[in-house]
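Peer 1: Which chain is which? The protein sequence lines are Z and B, in order.
At position 13 of the first sequence the residue is numbered 95 (the working numbering), and the sequence of numbers has no breaks.
At position 74 of the second sequence the residue is numbered 75 (the working numbering), and the sequence of numbers has no breaks.
Any given hint might turn out to be false.
Some but not every residue of chain B turned toward chain Z, in silico, with C-beta under 8 Å [as the list claims (entries may be wrong)]:
id : residue
1  : Ala66
2  : Val97
3  : Asp103
4  : Gly111
5  : Ser112
6  : Tyr117
7  : Pro147
8  : His155
9  : Gly159
10 : Tyr201
11 : Ala203
12 : Pro204
To give an idea of the interface, some chain Z residues facing chain B are shown, with a C-beta separation under 8 Å as derived from the structure [unchecked claim]:
id : residue
13 : Pro133
14 : Glu150
15 : Ser154
16 : Thr168
17 : Val179
18 : Asp180
19 : Thr182
20 : Pro184
21 : Arg203
22 : Leu233
23 : Ala236
24 : Asp323
Residues of chain B clear of chain Z, computed beta-carbon distances all greater than 12 Å [to be verified]:
id : residue
25 : Leu54
26 : His102
27 : Ser133
28 : Pro186
29 : Ala212
Bear in mind the hints are in silico, worked out from the structure with no lab data behind them.
Positions of the beta carbon are idealized from the N, C-alpha and C atoms, including for glycine.
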Amino acid sequence: MIERLDLDALVARIPDGARLAIPADYAGVAMEATRALLRRGARNLRLVTVPTSGLQADMLIGAGMVVEIETSGVTLNEHGLAPRFTAATKSGRLRIVDTTCPAVHAGLQAAEKGVPFMPLRGLLGTDVLAQRKDWRVTDNPFGERGDAIALLPAIKPDIALFHAARADRHGNVWIGRRRELAAMAHASAATLVTVEEIVEIDLMASDQTAAGVLPRLYVGAVTVANRGAWPLGFIDLYPADDRELARYAAAARTDRGFAEYLEGALRRAA
Amino acid sequence: MTKASPRELLIAALARRIKGCRHVAVGNASPIPAAAALLARAQSNGAMIVYILGSRAHNPYGDGARELFDSAGQGRLDAFFLGGGEIDGQANVNLVTVGEHDRPQMRFPGSFGSAYLYFTVPKVILFREEHSRRVLVPRVSFVSAPGTSPPGVHRTGGPSALVTGRCIFSFDRARGRFALETIHPGQTALSVRAETGFDYDAPPQVSVTEAPGAGELRLIRGRISNEMAEAYPVFARREWPSHDAQAAGR
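Chain Z on its own, in the form it takes in the complex (with noise of 0.2 Å):
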């Protein structure tokens, strides 16, 4: 039996200073236990973005709480610029990693597979790899003279943290499509996860369904939460809340606005 926290209990699994997983908007974004975080202030995150975020990396960066952050972008798509990740990175009150999409799944690669790190195409002359001091380049062993190609260290975030459709009651949590979450959750020491709801079956019993799975070997606690990426849209069982992220678009250019709509946010769903 998977342990079954509440979202209090959740979150409270995320230490102050975590290297802290989130998956891009599309993928599963568990903006309800971002909101309970929010609640309880965690301090000096170091956000991975797997291999963008948009909303709550905003939120998060907005209310102080994460020191770094390493990311191919963030951005709040059709609402515009991410207003608190723009402020804070203009004021240098945060430390930008900034990445390449492949680069983070590479780098989440290498941990899935327990190497130090992933060879990657493309980059040479960038000034993406030129700001990684962490990043090599080298020669390919395995061919001919002058054959660059830089190598990227495994990304081993603490935690993943994402939003899923369901779980049963042993901890399988069904991704579908959205491996990335398997990827994440196979390179992170520990992985929580919300869901829409826990399902009586045995995820793994069917190959119809175990073929979407995480399986829970990866899994260490699950919380339901209904509507759990609202605002945000979730798969096929809601769109964007477009009307919502309007609003937070509008109130968090502004230090004062954002506050506001924090403390609304938060009252809300408590």
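Starting from the structure of chain Z, add chain B where the hints point.
Peer 2: Positioned in the frame of chain Z, the structure of chain B alone reads:
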């Protein structure tokens, strides 16, 4: 039928450039390229495979987000659209910062997949609707993705064109230089030159970008606008407001 809007002209122009491609991907915050890819797909009788980032309906992958990049690394992705906070005359793209990296004057969202896909996708089409000296600069202040690479760098892809709200430039990879190809209706060779911060080649007489035909326009306003309502609802509502009633009735 009313005449094509400036954005419909761009959609048709971009779609023409990816005709015949088998696998096309569209990245972040790119509604016009997304509409173009959907138009080209509609015209391909189902031959074209289109990925639109953030769309659930237009996701041809079964192995998560990394499949886009892994397939590109193998040479399976034919075309990709890329925007830029800044783009310079050597087709270098900046999606990160203007000014110092750690204390920038401007911060853009980030490089996304550009630092990799620019190297691995044979046909990268740069697209930025805003055509101004703020965007089209002499030299980008941060290179998310370089337009060209020195010999010896493994590179199977790169920029082929730059499409803006004013014109289309083609890119010569050997020379590392843009050439003006066509100007959109209402522009002149001089107006384009005045708004461009980098130098480029231009023919003595430049022709006007071909407007979408009646068939293309019907497709854009019908099937494409409906498909766009899923991936880019805000854009679709703004660009094709008359479809609101239709969409609400679905």
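Peer 1: Taking the hints in turn, state whether each one holds.
Peer 2: Here is how each hint holds up against the structure:
1. Because the closest C-beta pair between Ala66 (chain B) and chain Z is about 5 Å apart, less than 8 Å, the hint holds.
2. Here the hint on Val97 (chain B) is kept, as its CB sits about 6 Å from the closest CB of chain Z, short of 8 Å.
3. Restraint check, Asp103 (chain B) versus chain Z: the minimum CB separation of about 6 Å is within 8 Å; hint holds.
4. Against a cut-off of 8 Å between C-beta atoms, the interface hint on Gly111 (chain B) holds, since the closest Cβ of chain Z lies about 3 Å away.
5. Contact between Ser112 (chain B) and chain Z, as hinted, is supported at the beta carbon level, the nearest pair being about 5 Å apart and thus within 8 Å.
6. About 4 Å separates the beta-carbon of Tyr117 (chain B) from the nearest beta-carbon of chain Z, less than 8 Å, and the hint is met.
7. Interface restraint check for Pro147 (chain B): the shortest CB-CB distance to chain Z comes to about 5 Å, inside 8 Å, so the restraint holds.
8. Annotation: interface hint on His155 (chain B) holds; nearest CB of chain Z at approximately 6 Å, less than 8 Å.
9. For Gly159 (chain B), the suggested interface contact is broken, since its CB lies about 11 Å from the closest CB of chain Z, more than 8 Å.
10. The restraint placing Tyr201 (chain B) at the interface with chain Z is violated, with a minimum CB-CB distance near 22 Å, outside the 8 Å limit.
11. The beta carbon of Ala203 (chain B) is not positioned within 8 Å of any beta carbon in chain Z (closest approach about 28 Å), and the interface hint is therefore violated.
12. A hinted interface residue such as Pro204 (chain B) counts as satisfied when its beta carbon comes closer than 8 Å to some beta carbon of chain Z; here the least separation is about 31 Å, so the hint is violated.
13. With 8 Å as the threshold, the beta carbon of Pro133 (chain Z) comes within range of chain B, its nearest partner Cβ sitting at about 7 Å, so the hint holds.
14. Hint on Glu150 (chain Z) is violated. Least Cβ distance to chain B is approximately 12 Å, over the 8 Å limit.
15. Of the supplied interface hints, the one on Ser154 (chain Z) holds, with its beta-carbon coming within about 5 Å of a beta-carbon of chain B, less than 8 Å.
16. With a cut of 8 Å, the hint placing Thr168 (chain Z) at the interface with chain B holds, because the nearest CB-to-CB distance is about 5 Å.
17. Interface restraint check for Val179 (chain Z): the shortest CB-CB distance to chain B comes to about 10 Å, outside 8 Å, so the restraint is violated.
18. Residue-level restraint check for Asp180 (chain Z) holds (minimum Cβ-Cβ distance to chain B is 6 Å; threshold 8 Å).
19. For Thr182 (chain Z), the interface hint holds, since its Cβ comes within 8 Å of a Cβ in chain B; the closest pair sits about 4 Å apart.
20. Checking Pro184 (chain Z) against chain B: minimum C-beta separation of about 4 Å stays under 8 Å; hint holds.
21. Because the beta carbon of Arg203 (chain Z) sits about 6 Å from the nearest beta carbon in chain B, less than 8 Å, this interface hint is met.
22. Because the smallest distance between the Cβ of Leu233 (chain Z) and any Cβ of chain B comes to about 14 Å, over 8 Å, the interface hint for this residue is violated.
23. At its closest, the beta carbon of Ala236 (chain Z) sits 15 Å from a beta carbon of chain B; the interface hint therefore is violated under the 8 Å criterion.
24. The beta carbon of Asp323 (chain Z) is not positioned within 8 Å of any beta carbon in chain B (closest approach about 11 Å), and the interface hint is therefore violated.
25. Here Leu54 (chain B) does not stay apart from chain Z, with its beta-carbon only about 7 Å from theirs, under the 12 Å limit.
26. A cut-off of 12 Å between C-beta atoms contradicts the statement that His102 (chain B) is not in contact with chain Z; the least separation is 6 Å.
27. The Cβ of Ser133 (chain B) lies farther than 12 Å from every Cβ of chain Z, with a closest approach of about 18 Å, so its non-interface assignment holds.
28. No beta-carbon of chain Z is positioned within 12 Å of the beta-carbon of Pro186 (chain B); the least distance is around 27 Å.
29. Distance to chain Z confirms Ala212 (chain B) as a non-interface residue, since its nearest Cβ pair spans about 27 Å, more than 12 Å.
In this structure, the earlier hints numbered 9, 10, 11, 12, 14, 17, 22, 23, 24, 25, 26 are contradicted, and the remaining ones agree with it.
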